[in-house]
Amino acid sequence: MGKATHRLSPKMKAFLVAMEQTGNISAAAQASRVARRSHYMWMDRSQGYREAFAVAKEHAADLMEIEARKRAMEGVVEPVIRKDDDGVWRAVGGIRRYSDTLLIFLLKAARPEKYRERHEVTHDNLPTMPGEILVRLEDDGTNQIHGREEVLRELRKKEGENGRGANGRGA
Numbered sequence: 003m004g005k006a007t008h009r010l011s012p013k014m015k016a017f018l019v020a021m022e023q024t025g026n027i028s029a030a031a032q033a034s035r036v037a038r039r040s041h042y043m044w045m046d047r048s049q050g051y052r053e054a055f056a057v058a059k060e061h062a063a064d065l066m067e068i069e070a071r072k073r074a075m076e077g078v079v080e081p082v083i084r085k086d087d088d089g090v091w092r093a094v095g096g097i098r099r100y101s102d103t104l105l106i107f108l109l110k111a112a113r114p115e116k117y118r119e120r121h122e123v124t125h126d127n128l129p130t131m132p133g134e135i136l137v138r139l140e141d142d143g144t145n146q147i148h149g150r151e152e153v154l155r156e157l158r159k160k161e162g163e164n165g166r167g168a169n170g171r172g173a
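Each residue of the sequence shown is one higher than the one before, starting from 3 at the first, in our numbering.
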């Protein structure tokens with residue numbers, strides 16, 4: 003917590019410390035023995051508290067990010083449990099598990115220009131996605147698979163034939 007916290011009450015400070023550790027208002031209220039409604043009242047009435055709360059939320063997010071990185075990169079050991087000859091369940095080892103999902107989120111956050119999902123609609127109203135294949139139901143009921151460029155060529159050809167745009171209204 004920063005320089006503005008010297009004006010905060012001990013209960014406010016206790017709540018903010020718990021918020022940094024838990025990242026959750028309900029858990030922070032329980033850990034600090036402060037009513038949730040007190041937090042919301044302080045948010046309404048105290049600029050200093052609002053600023054300190056924003057800092058506490060950032061610290062909590064930093065801790066979550068560190069944990070996510072650890073689980074993605076180092077993994078977490080899950081125990082292997084077996085029943086022994088006496089019928090008692092015992093831990094006999096562990097398997098390290100990594101989180102690919104967390105790694106994906108970390109990559110998207112670290113390099114959004116490279117890992118963000120790209121969806122765009124062009125002026126021709128055909129979505130563009132890497133390696134996209136378009137499947138079209140033909141008039142005779144068969145499915146035809148076309149590449150995007152082939153579909154565009156056909157649309158332009160039909161526009162020329164009937165003198166109207168691809169939507170049939172001249173646009």
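If you're looking for bench data, these hints aren't it; they were derived computationally from the structure. Virtual Cβ for every residue (Gly too), placed ideally from N, Cα, C. Just to be clear, a hint being listed does not mean it is correct.
Stated by the list, open to error - Below, in silico cross-link-like pairs of lysine-lysine (BS3-like), each with a Cα-Cα straight-line distance of 27 angstroms or less:
1) K72 to K13
2) K72 to K116
3) K72 to K59
4) K110 to K59
5) K85 to K15
6) K159 to K110
As the list claims (entries may be wrong) - The calculated label-pair distances, taken between Cβ atoms and stated as ranges, are:
7) R9 to P81: 42 to 50 angstroms
8) E161 to P114: 32 to 40 angstroms
9) L157 to Q23: 57 to 65 angstroms
10) E161 to E60: 48 to 56 angstroms
11) G162 to T103: 32 to 40 angstroms
12) I97 to R118: 30 to 38 angstroms
13) G89 to R38: 44 to 52 angstroms
Structure-based check of each hint:
no., hint, verdict
1, K72 to K13, "violated, 32 angstroms"
2, K72 to K116, "holds, 22 angstroms"
3, K72 to K59, "holds, 20 angstroms"
4, K110 to K59, "holds, 21 angstroms"
5, K85 to K15, "violated, 49 angstroms"
6, K159 to K110, "violated, 40 angstroms"
7, R9 to P81: 42 to 50 angstroms, "holds, 48 angstroms"
8, E161 to P114: 32 to 40 angstroms, "holds, 37 angstroms"
9, L157 to Q23: 57 to 65 angstroms, "holds, 58 angstroms"
10, E161 to E60: 48 to 56 angstroms, "holds, 54 angstroms"
11, G162 to T103: 32 to 40 angstroms, "violated, 48 angstroms"
12, I97 to R118: 30 to 38 angstroms, "holds, 33 angstroms"
13, G89 to R38: 44 to 52 angstroms, "holds, 47 angstroms"
Checked against the numbered hints listed earlier, the structure breaks hints 1, 5, 6, 11; every other hint is satisfied.
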